[in-house]
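Chemist: Full structure from sequences and hints, please.
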Amino acid sequence: MTEDEQSGMEPRSFLTCVTELARLLGVGDGCMEQTDRHARHLAHAVCEPLLARASLPEEWFAPLMSAAVYDPDPSFCRWFVEPAVYAFGRRRVMAALVDYLRTGTDAERAGAVQAWYSAHVPLRAGRTPAYGPGGVRDPALDESQDIKAAWLEASLRVFAEATDLRMHYRVLLNLPASRTAYPPPLHKLLESTLASARVHPDPHIRRWAAAAGRSNSSPT
-15 MTEDEQSGME PRSFLTCVTE LARLLGVGDG CMEQTDRHAR HLAHAVCEPL LARASLPEEW
45 FAPLMSAAVY DPDPSFCRWF VEPAVYAFGR RRVMAALVDY LRTGTDAERA GAVQAWYSAH
105 VPLRAGRTPA YGPGGVRDPA LDESQDIKAA WLEASLRVFA EATDLRMHYR VLLNLPASRT
165 AYPPPLHKLL ESTLASARVH PDPHIRRWAA AAGRSNSSPT
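So for the sequence shown, my numbering puts the first residue at -15; every next one is plus one.
By construction, these hints were calculated from the structure, which means they are not laboratory data. You may find that some hints are simply not true.
[Said to hold, decoys possible] Cβ-Cβ distance ranges computed for the label pairs, FRET-style:
#	residue 1	residue 2	range
1	E32	T164	37 to 47 Å
2	D83	A38	21 to 31 Å
3	T147	D126	29 to 39 Å
Model, not experiment: these values are computed from the prediction. Every residue gets a Cβ at the ideal spot worked out from N, C-alpha and C, and that includes glycine.
Modeler: Here is the structure:
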């Protein structure tokens, strides 16, 4: 089964996203082919110009996040997440992914889970001129502890509300198993999630719950 089939995403939707970015960048090849291969070709064409800019216009943020979320390949969504993190800040990018997880379709939620990993990309002054003027970056752009807590809460709630087995699998197995990783206000929700995970029909999720139970038990 391909990643497209697993996530429920359509290559045409991803093509629409990268076509919009290519239009904004003035990049294109005039090809009218409507295939996932052409979408990947366009994605490759826009990634370097995005990182080469010292700043990105405000109206580019939403198309960048859409491309990251709709990219069917988790290995490549970083091409869109990374320039967004540099230009708009890790905090804003992560907040947008939390919104997708809270209110998106199942396909968008799956894409947000994939993109969340890339949102932790390490930042280097020499990587792109968008890092900051003179190699100095405002730390407020990347302050994200509260956003990470919001992601944990949204993930736990999606697990509780989702009816699709694949969505259960996606959100839960990307969560830390240790109770100490969750702020105290989420401990009750975590315990409820663990109780559901222990009796879940999927063996991987039950194993996650068992590992979490061991890590959260008090030493004797």
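Chemist: Does each hint fit the structure? Answer for all of them.
Modeler: Checked hints:
Checked against the hint of 37 to 47 Å, the C-beta distance between E32 and T164 comes to roughly 40 Å, which is consistent with it. For the pair D83 and A38, the beta carbons lie near 27 Å from each other, so the given range of 21 to 31 Å is met. Taking 29 to 39 Å as the suggested C-beta distance range, the pair T147 and D126 conforms, at roughly 35 Å.
Violated hints: none; the structure is consistent with every hint.
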